[in-house]
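Enquirer: For reference, the chains in residue letters:
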Amino acid sequence: MAGVGFELRRLTRSDDLAGLVRAYGHASVVSGGPWLMTVLAIAAVTWFVVGFDTMRELELFRTILIYNFAFSLTLTSPVALVTTRFLSDQIYLKNVERAPGMLLGSLIVNFTLQAPLAAAFYAFVPDLPGPLAVLSVINYLVIAALWQVTVFLTALKDYRTVTLAFAGGIAVAVAASVVFGFPYGTFGLLGGFTAGFALIVFVIIARILAEYRHPLKRPMAFLAYCRPYWELPIAGLLYAAAIWADKWIMWFAPDRVLTPEGLAIHPFYDSAMFFAYLTIVPSLALFMIMTETSFFERYVAFYRTIQRHGTYAQILGHQKEIVDTLAGSLRNLIVLQGTVSFAAIVLAPQLLGAFGIAYHHIGMFRIGVLGALFHALFLFAMIILTYFDLRRDMVAATATFLGANALFTLGALELGFPYYGYGYFLAALIAACVALGIVSVRLAKLPYLTFVVCNPSVGGADRKRPEHGLAPLDIVRS
Amino acid sequence: MSTAAASPADVCLLLEGSYPYVVGGVSNWADELMRSHPHLTYHLVALLPDRNVSRLRYDLPPNAVGLDHVFLQDVGKGPARFAGLEALLTRIEPALGRLQAAGGLADLAAVIDALAPHRGRLGRRTLLDSPEAWQLIVRMYESTVRGTSFLDYFWTWRAQIGGLFAALLCDLPPAKVYHTTSTGYAGLLAARAALETGRPAIVTEHGIYTDERRIEIAMAQWLGRQQRYGFGVESEGRSLKDLWVDTFVSYSHACYDACDAIVTLYQGNQELQRRDGADPAKMRVIPNGVDYAGLSRIARDPTPRRPTVAFIGRVVPIKDVKTFIYSIAHLRTMVPDIRALVLGPEDEDPEYAAECRKLVAQADLAKVVSFAGQVRLEDYLDRIDVVVLTSISEAQPLVILEAGAAGVPTVATDVGACREMIQGAADEVPAFGPGGAITALADPVATAMAVADLLLRPSHREACAKAIKARVAATYNRDTLNEVYRALYDELRQRPDRAARLAEVA
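Quick mapping for you: the protein sequence lines, in order, are chains A and B. According to our numbering, the residues represented by the first sequence are 680 to 1157, in order. According to our numbering, the residues represented by the second sequence are 16 to 521, in order.
If you're looking for bench data, these hints aren't it; they were derived computationally from the structure. In this text, a Cβ means the ideal position worked out from N, Cα and C, and glycines have one as well. Heads up, a few of these hints could be off.
[As the list claims (entries may be wrong)] Partner residues aside, some chain A positions facing chain B, computed with beta carbon under 7 Å:
id, residue
1, Ile985
2, His988
3, Thr990
4, Tyr991
5, Ile994
6, Tyr1127
7, Phe1130
8, Val1131
[Claimed, not checked] Sample of chain B residues facing chain A (criterion: CB under 10 Å; computed from the structure):
id, residue
9, Arg136
10, Arg139
11, Ala148
12, Trp149
13, Val153
14, Glu157
15, Asp167
16, Arg173
17, Tyr281
Given only the sequences and the hints, what does the whole structure look like? Please build it.
Expert: Here you go:
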């Protein structure tokens, strides 16, 4: 019989959305992890350095570490975000055969891009003895590898091994640094630290390979995601650059420190900012709880109502619940983080004293704490954008943060010491407002976004899905 | 793939989901139609669901001068913005709403009138994907089927209204006559052509589009599901299934009103066309014909043989071969030396074919029934006494006519055009009398009785053979029927343009 009239409405398979978005949401929370880890590690080392500030070797060690953390985190994040997405989709599709291949492939891509840069940097920029330069490059690559393998952490159900790996690795790092630091100076400190971090990397890799017992095939398959999801590597790079931009600019401040080897650093600004950032740890914990419970339930209910053939009125009802929940979470976040920040500002003298930071940096620390408050609000908005797969908005928000941070930090630098830290504060404030503004506009149009804008099943040949890919919001014809 | 004709083609043939990409009855007919009128040029427009175009299943005849494509699910991206989109959509909303209920040509004309000036500046991004379009969808949902699944409505709207937009925005090749092989979206395109160009249009329906869709919609389990949790929201008023059917009826109605000739294969279909709003004054039957001259030369084989009946057709469930086998079991009690042939391919549904063979063995008919596979009918007709058709669904099975031309009567079930071909239309002049017998569906005893009646009463069989042969010669002769289309084409081709019909209808 002639006619395609009804065939038009051909069916495609529908499935539950929950599996994918879970892994996805997790990843967004965890992506805050490496930065936190960096801050903790550097804070610990700083504390150490401050205790033994007669040792010039320690200061060089700390400087190399900050450089390696900063640039490896920035340069690894594009690949890390793409692989996070790829892995989430593979897990959702219950097709994890490619996970070991992707692990290998992502390390190859990261090393290929970054090893020459790191090698060139340590060969030509600082005046380091040969062995120390080589060790610095190795340390860089180990840290870069760590950022990459943490992508898999959410996929590993074995939290015990992972926690043990970190605890053991950091213990080894500290112990080895101390043991080798005294006889061998900077080389010993860095070598010990590298050994400890390498241990973490190898344990995690071993755990991943044990979890996914599949041959290493098609290691570069994830690169196919770079095209349809081009916003992810961009947003990853922009965000990592945004959180470092003020530090990098401050390395050119008049009162910076230039080590004898030729590495610029601003230890007091860095320290003040790192400690200030630690005040958002309670907020990160809140994110975890929020995304795992109240928000997540409503998020799933919204999509489930659509998939289970709810009426438009019911869909609107669930949209309202999402908005209400997020408004409540935002309120809780502001109260919690506000309290913590207020306490940190009031107790700043005691806190800085405990960390051994000079008293005249207290203003810098306080403004940094205020900046971290808005940084937390920014992260809150970013997590929501990630959940709803609004990738271009992620790019816009992170670009705002980067641009504002660079611009205002330059301005603060111009204004002089009393204004140090205002750049980061203003940037975080503006970025948080922009990101929250985007979120509120998008949430108001959530049904339209879900059915049309973020729905790959809608649209013609010009909106192709990636091979084996899957968008979380694929409202398919079920 | 698309070639443009230099000058207007004689006929623009509109084909929805058939020729030259899908093999089937309509496609075979279209191929035959073009080859029977070599003096006319044809520009083909194939309406397909999307850009996944398969290979050509037919060699295009030399007089097919162009082949264009319309992708119903793919209007084309179009620019991202259109100034005044909201006003435009608000303007067409009432007409779209009526097309989803009980609309017709005036509503279609209103939509064309609003969209046509902006062709080339409208596409998927504005008409389907924009926030303004979303608001339109929500408004139309709320005012029609708001108790039902919004997900289903969303896709329903995109399919129905998106297909409508595709048919109204595509390029239309110039032609002297527009000939659509179905209603539906091809019918919409024919209606648009008639309105915009002022040229005549013909619709030839084999199966009735709305009837086929009705069956599919009734069987569609995905449609009309309600939410399974929460407070039981009662669906208020119309269901989505009603909306689908109503929309297709509106599309058919618009097509019928725009066309100058509404053709179908047999009278039974005309009832359905009338129901969907076709004007009886424009309706006519042009059946499919057979090569009477060739087939009537087949002489009966005079050598003595067992009485022979044949089932001719694919061995598939819709042909209900099992009823045929059961009827042979009954027939054997009346005609002990009966022989039965199953002539037709068994590869389409091997499982069913195997079941049929098993049934033959179980009924102890191995020496009676034989499966000959696909054969040249001409090689068998001279030794067949009665043809049997037990189908549960048919349009106009040509085998009745082919056998009839060779003087073989048929016993067939009362489906499609079978009754008309075997007993003659009610208005047949002169009445030739029965050319076999009509039985109820799935009634092997009745089939056996009717066949026995023909086999055991030679004079009756002779009368039937004569009647069917005469009817085929008079009514179903391919050469004569080609002349009917030729005359219809000639008349319509020469009509002057009717200007400004769009404004008049809208």
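Enquirer: Each hint should be assessed against the structure and marked as holding or not.
Expert: Verification of the hints:
no.: 1; hint: Ile985; in the structure: 5 Å, holds
no.: 2; hint: His988; in the structure: 3 Å, holds
no.: 3; hint: Thr990; in the structure: 6 Å, holds
no.: 4; hint: Tyr991; in the structure: 4 Å, holds
no.: 5; hint: Ile994; in the structure: 6 Å, holds
no.: 6; hint: Tyr1127; in the structure: 5 Å, holds
no.: 7; hint: Phe1130; in the structure: 6 Å, holds
no.: 8; hint: Val1131; in the structure: 5 Å, holds
no.: 9; hint: Arg136; in the structure: 17 Å, violated
no.: 10; hint: Arg139; in the structure: 6 Å, holds
no.: 11; hint: Ala148; in the structure: 8 Å, holds
no.: 12; hint: Trp149; in the structure: 5 Å, holds
no.: 13; hint: Val153; in the structure: 6 Å, holds
no.: 14; hint: Glu157; in the structure: 7 Å, holds
no.: 15; hint: Asp167; in the structure: 6 Å, holds
no.: 16; hint: Arg173; in the structure: 7 Å, holds
no.: 17; hint: Tyr281; in the structure: 15 Å, violated
Taken one by one, the earlier hints fail for this structure at numbers 9 and 17, listed in ascending order.
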